[in-house]
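J.: This is what each chain is made of:
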Amino acid sequence: MTQDLYRLIYLSRNTIPGSNENIHQEIEQILAVSRQRNAASHITGALMFNRECFAQVLEGAHDDIQETFERIQCDPRHADVVVLDFKPVQTRRFSQWSMGYIGYDSLASKEFTASGFDVKQLSGERIYDLLHAHLYAAEKAGSSLVKIA
Amino acid sequence: MTTARDINTAMDLPAIDSSCGLALIDHAGKMISVNPAFLKLFALPPDVQNKTFAELTGAMNPVATHFLLQAIDGEHGIVSKRTIVIDNKTLTAHIIELNQAQRLMMVESLPASLFPTPEINHPARTPGTASLINRSMLSKHIANWKPDRSGTVTPAMLMIGLDRFKRINETLGHDSGDQLLKFTAQRLLRVIRSDDIVAHFAGDQFAILQINQNQPVAATTMAERIAELLKRPFLVNGQQVNISASIGLAILYQDTESTTDLIKHAELALYDAKHNARGGYRRYEQSLQQSASEQHELEVNLRRALFLQEFTLFYQPQVRMHDKKIVGFEALIRWEKLGAGIISPLRFIPLAEDTREIHEIGQWVLQTACREAATWPENIQIAVNVSPVQFESNNLKQIVQAALAASGLAPQRLELEITEGLLIKNMANALDQLKEILTMGVSVALDDFGTGYSSLNYLSSFPFSKIKIDQSFVHRMHTDKSRTLIKAVIALGSALGIKTLAEGVETEEQFDYLARNGCEEIQGYLISKPVPAEQIPALIS
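As they're listed, the protein sequences go chains A and B.
In this text, residue positions in the first sequence follow our numbering: the first is 1, and each later residue adds one.
In this text, residue positions in the second sequence follow our numbering: the first is 1001, and each later residue adds one.
Read the hints as simulated data drawn from the structure, not as lab findings.
Each hint can be trusted.
Listed next, the in silico SDA-like pairs over lysine to any residue satisfying Cα-Cα at most 20 Å (straight line):
{"no.": "1", "chain 1": "B", "residue 1": "Lys1231", "chain 2": "A", "residue 2": "Ser12"}
{"no.": "2", "chain 1": "B", "residue 1": "Lys1231", "chain 2": "A", "residue 2": "Val83"}
{"no.": "3", "chain 1": "B", "residue 1": "Lys1397", "chain 2": "B", "residue 2": "Met1440"}
{"no.": "4", "chain 1": "B", "residue 1": "Lys1231", "chain 2": "A", "residue 2": "Arg71"}
{"no.": "5", "chain 1": "B", "residue 1": "Lys1231", "chain 2": "A", "residue 2": "Val81"}
{"no.": "6", "chain 1": "B", "residue 1": "Lys1231", "chain 2": "A", "residue 2": "Asp75"}
{"no.": "7", "chain 1": "B", "residue 1": "Lys1529", "chain 2": "B", "residue 2": "Ser1344"}
{"no.": "8", "chain 1": "A", "residue 1": "Lys87", "chain 2": "B", "residue 2": "Leu1172"}
{"no.": "9", "chain 1": "B", "residue 1": "Lys1146", "chain 2": "B", "residue 2": "Glu1257"}
{"no.": "10", "chain 1": "B", "residue 1": "Lys1274", "chain 2": "B", "residue 2": "Asp1354"}
{"no.": "11", "chain 1": "B", "residue 1": "Lys1231", "chain 2": "A", "residue 2": "Thr15"}
{"no.": "12", "chain 1": "A", "residue 1": "Lys87", "chain 2": "B", "residue 2": "Pro1233"}
{"no.": "13", "chain 1": "B", "residue 1": "Lys1231", "chain 2": "A", "residue 2": "Glu67"}
{"no.": "14", "chain 1": "B", "residue 1": "Lys1231", "chain 2": "A", "residue 2": "Asn14"}
{"no.": "15", "chain 1": "B", "residue 1": "Lys1140", "chain 2": "B", "residue 2": "Glu1257"}
{"no.": "16", "chain 1": "B", "residue 1": "Lys1231", "chain 2": "A", "residue 2": "Arg13"}
{"no.": "17", "chain 1": "B", "residue 1": "Lys1166", "chain 2": "B", "residue 2": "Ala1227"}
{"no.": "18", "chain 1": "B", "residue 1": "Lys1499", "chain 2": "B", "residue 2": "Leu1459"}
{"no.": "19", "chain 1": "B", "residue 1": "Lys1231", "chain 2": "A", "residue 2": "Ala79"}
{"no.": "20", "chain 1": "A", "residue 1": "Lys87", "chain 2": "B", "residue 2": "Asn1242"}
{"no.": "21", "chain 1": "B", "residue 1": "Lys1040", "chain 2": "B", "residue 2": "Leu1104"}
{"no.": "22", "chain 1": "A", "residue 1": "Lys87", "chain 2": "B", "residue 2": "Gly1238"}
{"no.": "23", "chain 1": "B", "residue 1": "Lys1274", "chain 2": "B", "residue 2": "Arg1167"}
{"no.": "24", "chain 1": "A", "residue 1": "Lys87", "chain 2": "B", "residue 2": "Ser1176"}
{"no.": "25", "chain 1": "B", "residue 1": "Lys1231", "chain 2": "A", "residue 2": "Leu84"}
{"no.": "26", "chain 1": "B", "residue 1": "Lys1231", "chain 2": "A", "residue 2": "Thr68"}
{"no.": "27", "chain 1": "B", "residue 1": "Lys1397", "chain 2": "B", "residue 2": "Lys1425"}
{"no.": "28", "chain 1": "B", "residue 1": "Lys1231", "chain 2": "A", "residue 2": "His78"}
{"no.": "29", "chain 1": "B", "residue 1": "Lys1231", "chain 2": "A", "residue 2": "Val82"}
{"no.": "30", "chain 1": "B", "residue 1": "Lys1325", "chain 2": "B", "residue 2": "Leu1539"}
Beyond 10 Å from chain A on every Cβ pair, some chain B residues (computed):
{"no.": "31", "residue": "Ala1043"}
{"no.": "32", "residue": "Glu1097"}
{"no.": "33", "residue": "Asp1354"}
{"no.": "34", "residue": "Thr1451"}
{"no.": "35", "residue": "Tyr1513"}
{"no.": "36", "residue": "Glu1520"}
{"no.": "37", "residue": "Ile1527"}
Given the structure is predicted, the values throughout are model-derived calculations rather than measurements.
All C-beta atoms in this analysis are idealised placements derived from N, C-alpha and C, irrespective of residue type, glycine included.
Work out the full structure, taking the sequences as your base and the hints as a guide.
T.: Written out as structure tokens, the structure is:
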């Protein structure tokens, strides 16, 4: 069980205070640290941020996800963590990204909020697909997202 | 400290160039001298003399700090060996007790794969909890505490109990339970300050000792943070697990006078939190000590009350409304203790249920009530309350049978009163037992109706002989809401062919309203308060 491939999808509420710029800086830092750590523990995944919420997908060995999630849980920059999905999977879908990122000015993020969705009503599967589709599209289009992804 | 200097000079640690980390530490955990390898292994700055590990690493490395605390405090012999994993390095330390004041520590780094994991060494403990100090070490830390000169800081104890942890063990297995404890320990280590001390206090209980912080702010802030943090989901064995923690606080000189009481008071506060603020925290106050002593005394007294014959039964008449004739009595237990007066069943029955004493007490009530009722005219019933706990041993039928046989009372004259609580917990088993009791000819009434779920499902699941409308509705009969409820229950009873009895009737007005709406029986002070057995003949005649 411990080395089996799992995927985790969770949502949490942003608690970073201050200006957009401050939030942006914090997120840059979160991404930098998580990419480094994820690469070391063979975790792949993606993070989406829409000012109020984080949505994150992690893929990797059960125990590595467990350990990463515990570290994330203790991060004071978010709260109200809701696990939408934690289950074994056959393959990785985010294998190119140690932590792909979609920011709040992106189209994907708008799909979360503009359509009037309550973020917490979104299913894990939909977040998963949305993240994957947009990261993939961004990469194809050679957008700046790729550089940070 | 001539000895310290002697050893220090005899072993010039800073000059020892070895891959093995060496440190000479005093009894309080201050570094006397270390070699370069030790600095490297724990990533310490060069000047460590007279500093504790906690002061040196700051919040950066709580795991290592605890490891060292353990090494210093451990009740080991002359030599002991410990292992720890820090930053993917497995460190193994030999600690040699040189004398009372000094320990020499030798630390080596081994590749993780070469070294058995702590889990294998201590199958009963998980790495997370094993890296914490235990209860006796915690006590030592408190005992060694000395007030600092400024007097602005004072120690605080946070006692953290996981809620419903037993349930996790039962439903997901002990392996999951152990993992959960490990992650809990890790979360605690992540939020504490470097000079705080975390202990694995007992099975599902952890303690944090804050030594150098401004109180009560530091303790309450930490309690809130921990309560919130432990509510967040855990991932255990491929699934999501949610728990919560209740926390008790005791702060020296603010809540508690002496260091010796700090742990005890934090535990009392935890007990209070578990019962009155689950998932949150409570601070110790003196009344908790008092109520704990009272509760303990009550428990001790309850254990011998049966033997000392301190229980008696009182009987409250149940009257048929249309001719105001007494048709039965409800047996009510009364506990009168010499010197303590009358103790309310509201206080001692929940305790008796907790301690399982209710089995013996319930049996005594059934026997006594049946024996008493056998002396009454044959058209008068006896109603006896049965606790849900009495169903747990699966022999209630035998107990009822024995009480009937011993007294010679006809089963048709006995009615058991049960509450919805019984059906909520384990409906299928309870119904099975009730049906068996029914076949003996004994009837069953549903008590306190309207106060719980009042589910129609319960009413249709069993042929109850009676629904008892709770007295709180009768007392509030002046409100529209209560009147509507009473009418609805009576209508429900009549539709299902179940008799209704209203409890707590005190006025003619209440009587009239109930009679008008088709209630069949009443019980209450309007007719009579509960009376001792010897007054019954006078009431019946």
